[in-house]
Amino acid sequence: MFESISELILKASNAQLMIFEHDDPVKQKDLFKLIKDLETKGDEIVQKIFDELDKSFVPPFDREDINNLTNTLDEAVNLINGVAVRIRLYRPKEIPNEFKDFAKLISKGAEQVNMAIKELYDLKKPNKILKACKKITELEKEADDLYHTTISNIFKKEKDAIELIKQKEMLEHMEKTADCIKGISNILKTIILKVS
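According to this note's numbering, the sequence shown holds residues 19 to 214 in order.
Hints should not be assumed to be uniformly reliable.
As the list claims (entries may be wrong) - Straight-line alpha carbon distances no greater than 27 Å define the calculated BS3-like cross-link-like pairs of lysine-lysine that follow:
#: 1; residue 1: 136; residue 2: 45
#: 2; residue 1: 118; residue 2: 200
#: 3; residue 1: 51; residue 2: 118
#: 4; residue 1: 29; residue 2: 175
#: 5; residue 1: 66; residue 2: 194
#: 6; residue 1: 175; residue 2: 54
#: 7; residue 1: 159; residue 2: 146
#: 8; residue 1: 186; residue 2: 51
#: 9; residue 1: 66; residue 2: 122
#: 10; residue 1: 136; residue 2: 54
#: 11; residue 1: 59; residue 2: 73
#: 12; residue 1: 136; residue 2: 159
#: 13; residue 1: 29; residue 2: 47
#: 14; residue 1: 66; residue 2: 118
#: 15; residue 1: 194; residue 2: 122
#: 16; residue 1: 59; residue 2: 122
#: 17; residue 1: 47; residue 2: 146
None of these hints come from the bench; they were simulated from the model.
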């Protein structure tokens, strides 16, 4: 079931990237709807995981880690949806190109999460998970650097205070998404440490 959520994160992150690649309002509207649908589906999967956990006598790994992993995976989908909602509601006059670069980093992080989650079935051979976690850490550092550069540029360039607030809030939400993906990586490393 974790794979189902990690695939939703990947689909949602790719849809988010497409929002920044398209100016067509109709296409964007479809992408907003897709992300919302993925977020709703994620909530349903999370509920199924917790229902199964209640029934399971022997879970695959520590119940607390299952809880943390499930909630953090769900949070990643929620944050991506949060960015889409802000774009839809705020209707910024302009979105800096760096937002697209940030969305690419989130999408790459989601790919690594998806790869790592698929390997959870065999915790005795954690090399692929650890490799994905290392890449996620690198991507998160890149995202941090991009966040600081972009926020600085927004404050230098944007003269309209309302537009500045819109862009800043959208960017902060994207930064939270990158942090959340790193959080998933940290939980996976904790699971591996406990099992080994």
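Status of the hints after comparison with the structure:
Restraint check: the Cα-Cα separation between residue 136 and residue 45 comes to about 31 Å, which exceeds 27 Å; the hinted pair is violated. For a cut-off of 27 Å, the pair hint linking residue 118 to residue 200 stands: about 19 Å separates their Cα positions. Note on residue 51 and residue 118: the hinted pairing holds, with a Cα-Cα distance of about 19 Å set against a maximum of 27 Å. Note on residue 29 and residue 175: the hinted pairing is violated, with a Cα-Cα distance of about 32 Å set against a maximum of 27 Å.
About 26 Å separates the Cα atoms of residue 66 and residue 194, which keeps this hinted pair within 27 Å; it holds. A distance of roughly 32 Å separates the Cα atoms of residue 175 and residue 54; the hinted pair therefore is violated under the 27 Å criterion. A hinted pair counts as satisfied when its Cα atoms are at most 27 Å apart, and residue 159 with residue 146 qualifies at roughly 20 Å. Distance check on the hinted pair: residue 186 and residue 51 sit about 23 Å apart at the alpha-carbon level, within 27 Å; holds.
Of the pairs offered as hints, the one joining residue 66 and residue 122 is violated, with about 30 Å between alpha carbons and a cut-off of 27 Å exceeded. Between residue 136 and residue 54 the CA atoms are separated by roughly 24 Å; this keeps the pair inside 27 Å, and the hint holds. In summary, the hint linking residue 59 to residue 73 is supported, as the alpha carbons are separated by about 21 Å, within the 27 Å threshold. For the proposed pair residue 136 and residue 159, the alpha carbon gap of about 24 Å is at most 27 Å, so the pair holds.
With a C-alpha separation of about 16 Å, the suggested pair residue 29 and residue 47 falls inside the 27 Å cut-off, and the hint holds. Annotation: proposed proximity of residue 66 to residue 118 is violated, straight-line Cα distance about 33 Å (limit 27 Å). Only pairs whose Cα atoms come within 27 Å are accepted, and residue 194 paired with residue 122 is accepted, the gap being roughly 15 Å. This hinted pair checks out: residue 59 and residue 122 have alpha carbons roughly 23 Å apart, not beyond 27 Å.
Between residue 47 and residue 146 the alpha-carbon distance is near 37 Å, which puts this suggested pair outside the 27 Å criterion.
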